[in-house]
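Undergrad: So you can see what is in the structure, the chains are spelled out below.
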Amino acid sequence: MLFNLPFITVVIVIGLGLYAMLYKRNLIKIVIGLSLVESGVNLFLVSLGYRNGGIAPIYTSAPSTHMVLPTPQALTLTSIVIGVATTAMLLSFCVVIYRNYGTLDARKVRRLRE
Amino acid sequence: MSWEYLVNHSPALIIIVPLLAAFGTPLIGRFSRKAMYIWIIASLTLTEIIAIIILHTVYISGKPMVYVMGANPYNMAVPPDSGGIPIRIIFTVDAFSSFMAFVASTVALAGGIYSISCEAQQSAQEKYYALLLLMLVGMLGMVLTGDLFNFFVFLEINSLASAALVSYRIDKGLAVEAAFKYAIISSIGALAFLFGIGILYGEYDALNMAMIASRMKFTDLDKIVMALFTVTLGMKAGAIPMHYWVPDGYGKAPGAISAMLVTASQASLYGLFRVSFTVFGLAANTATLGWFIIMLGVLSMFVGVTMALIQHDIKRLMAYHAISQTGYMLLGVGVGLATLGTAAFNQYGLAAMEGGIFHIINHAMYKGLLFLTAGAVIYRVGTSDLNKMGGLAHTMKYTTIFFMIGALSIAGIPPFNGFASKLLIYESVYQFNPVLSILAMIVSILTLASFVKVFHSAFMGPKIHDVKEVPKSMLIGMAILTFFIILFGLFPNIALNYLVAPAAKALANPLGYIARVLGGGA
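If you read the sequences in order, they're chains A and B. Counting in the working numbering, the first sequence runs from 1 upward without gaps. Counting in the working numbering, the second sequence runs from 1 upward without gaps.
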């Protein structure tokens with residue numbers, strides 16, 4: 001792969017996601033940060049599965065020698081599905097919090113501490 | 001269906017039963033409330049029975065059970081044409097896994113029965129029970145699986161269901177705020193865990209724990225993975241520097257869910273111990289990792305209990321005690337890990353592990369009971385503020401007795417089960433390092449002090465609230481857990497011989513675990 005470009009992208013995307021989660025005060029932006037971290041991890045899994053010159057493991061059309069093991073792709077699909085569920089749940093929490101508190105500012109959403 | 005067939009397929013059945021029941025619950029709930037309750041109790045009881053069957057089978061055979069999804073025969077972990085590599089989703093059930101499955105399904109059964117009256121006034125009950133069953137599926141999957149990626153999937157199922165349940169009583173948004181925090185923490189933890197799995201897969205081309213363990217070289221990358229796994233699982237278990245979600249999450253969840261969150265945290269604790277002993281135990285320097293876990297444990301014990309002393313919300317107070325008690329488990333098993341492979345292990349290391357593992361089941365029972373009694377008090381009084389309670393012993397007699405049993409047990413007073421495991425930990429840890437043992441005793445005294453305060457302000461004093469005793473199903477739920485507390489308190493040898501000692505030995509024997517899976521599982 002060219003200069004390990006996918007892995008560099010993984011680091012950048014995860015870094016951006018962590019930055020958003022740590023420094024942004026809006027709850028929806030925190031959820032966006034989480035989604036970015038998740039995309040970074042998914043990209044990492046897919047990049048791990050890349051083999052130069054490999055062929056998709058479809059037995060009817062490929063010679064049996066250079067097939068790629070499809071495990072990382074399967075992991076990524078599962079992880080994407082889980083990520084959709086997580087994001088949907090977190091955003092619905094945001095909706096309920098906004099209805100009850102009238103704000104999504106993390107500095108003001110802290111009635112538990114009182 | 002013959003008996004043998006049932007026993008062989010029990011690791012799959014214990015997942016299938018609650019999973020199908022969870023998706024059937026909303027359907028049945030549309031027709032009849034009563035039928036839904038029967039459906040839930042029946043499926044939880046069936047899960048408990050299967051857990052006992054697995055416990056029995058593993059105890060009798062003395063070896064881990066291997067179950068391969070979709071393989072024929074059911075235990076063919078390494079097919080003849082795979083070149084010695086285990087394929088498919090493999091469940092590896094050793095004595096520690098079956099022990100944890102028993103703990104999780106018992107608390108879920110008590111919580112399910114308790115919820116019937118406790119949540120009777122709430123809307124969307126069928127979704128509550130569906131999520132409760134899914135949470136159980138997550139815990140059972142985490143403790144039974146032999147595959148790291150599968151562990152991640154069940155961890156996420158458990159986290160999502162738990163977070164949704166924490167927010168179940170919206171409580172003017174407060175519960176949702178707690179659930180948001182919990183969901184963010186557990187998702188980011190799970191993603192870090194998945195990243196670690198990716199690194200391990202890139203290095204060793206395997207996801208099966210036994211396969212990774214046998215290929216483990218312990219390079220620098222593996223040290224990063226070990227740090228990722230330890231921190232994320234410690235965070236989910238609620239160990240001290242990563243504990244901030246615990247008081248909010250446990251404090252705002254409904255009573256039965258707080259009790260189940262305790263076992264959910266213990267399932268993460270299981271993951272931490274499984275990864276440190278089985279996956280890294282052979283190649284890594286276990287003394288360093290052991291000391292790290294001991295330090296986490298001591299910090300959790302001490303900071304947890306001191307924070308608990310100043311709380312005036314009954315459930316937040318108990319949540320801080322849950323952190324503190326998790327410290328005992330980390331201390332006990334950490335001493336076992338630190339001495340693994342040395343002569344000291346047989347002297348006192350194994351006994352410390354037995355103490356730590358015994359404390360897991362004891363903690364699940366008495367802390368579960370305490371959360372259920374707190375839920376009962378809130379159910380009748382309508383507030384969780386200790387300053388506004390008082391004199392409940394006048395009318396809520398059974399709840400008072402159950403609370404006393406739980407409180408005496410958590411403080412380690414003799415006829416109850418907390419004493420048995422704490423004594424084992426004190427004795428063995430004293431030989432390892434006397435300071436740690438003395439700290440553990442001081443924490444126990446502070447725990448007693450804190451529960452005397454709760455007992456006094458909630459149950460003693462003049463009659464303020466004109467309340468009745470809680471309904472029967474809540475009492476039955478509490479009685480189930482009380483039964484185990486008294487049983488393990490009066491006859492600790494039963495629990496030690498049949499449950500705890502096999503679990504500790506299985507955990508301390510990674511070679512047996514690996515050989516069982518890579519040897520084909522038959």
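In short, the hints are calculated from the structure, not lab data. Just so we're clear, the structure is a prediction, and the values are computed from it rather than from any experiment. Where is the CB? At the ideal position from N, CA and C, for every residue including glycine. Be a bit skeptical, because a hint or two may be false.
To be verified - Sample of chain B residues facing chain A (criterion: CB under 7 Å; computed from the structure):
id, residue
1, L13
2, F180
3, L194
4, F195
5, G198
Unchecked claim - Calculated pairs, SDA-like style, for lysine to any residue (alpha carbon to alpha carbon, straight line, at most 25 Å):
id, chain 1, residue 1, chain 2, residue 2
6, B, K397, A, L91
7, A, K24, B, K223
8, B, K127, B, L490
9, B, K172, A, L43
10, B, K223, A, S92
11, B, K172, A, L91
Undergrad: State for each hint whether it applies.
TA: Hint by hint, here is what the structure shows:
Hint status for L13(B): violated, given a least beta-carbon distance of 23 Å to chain A, over 7 Å. Taking 7 Å as the C-beta cut-off, the interface hint given for F180(B) holds, the closest approach to chain A being about 4 Å. Contact between L194(B) and chain A, as hinted, is supported at the beta carbon level, the nearest pair being about 5 Å apart and thus within 7 Å. The closest approach between the C-beta of F195(B) and any C-beta of chain A is roughly 5 Å, which is under the 7 Å cut-off, so the hint is satisfied.
The criterion of a C-beta within 7 Å of any C-beta in chain A is met by G198(B), whose closest approach is roughly 5 Å, and the hint holds. A distance of roughly 44 Å separates the Cα atoms of K397(B) and L91(A); the hinted pair therefore is violated under the 25 Å criterion. Between K24(A) and K223(B) the CA atoms are separated by roughly 31 Å; this puts the pair beyond 25 Å, and the hint is violated. In summary, the hint linking K127(B) to L490(B) is not supported, as the alpha carbons are separated by about 39 Å, beyond the 25 Å threshold.
A distance of roughly 39 Å separates the Cα atoms of K172(B) and L43(A); the hinted pair therefore is violated under the 25 Å criterion. For the proposed pair K223(B) and S92(A), the alpha carbon gap of about 37 Å is over 25 Å, so the pair is violated. Between K172(B) and L91(A) the CA atoms are separated by roughly 17 Å; this keeps the pair inside 25 Å, and the hint holds.
Checked against the numbered hints above, the structure breaks hints 1, 6, 7, 8, 9 and 10 and satisfies the rest.
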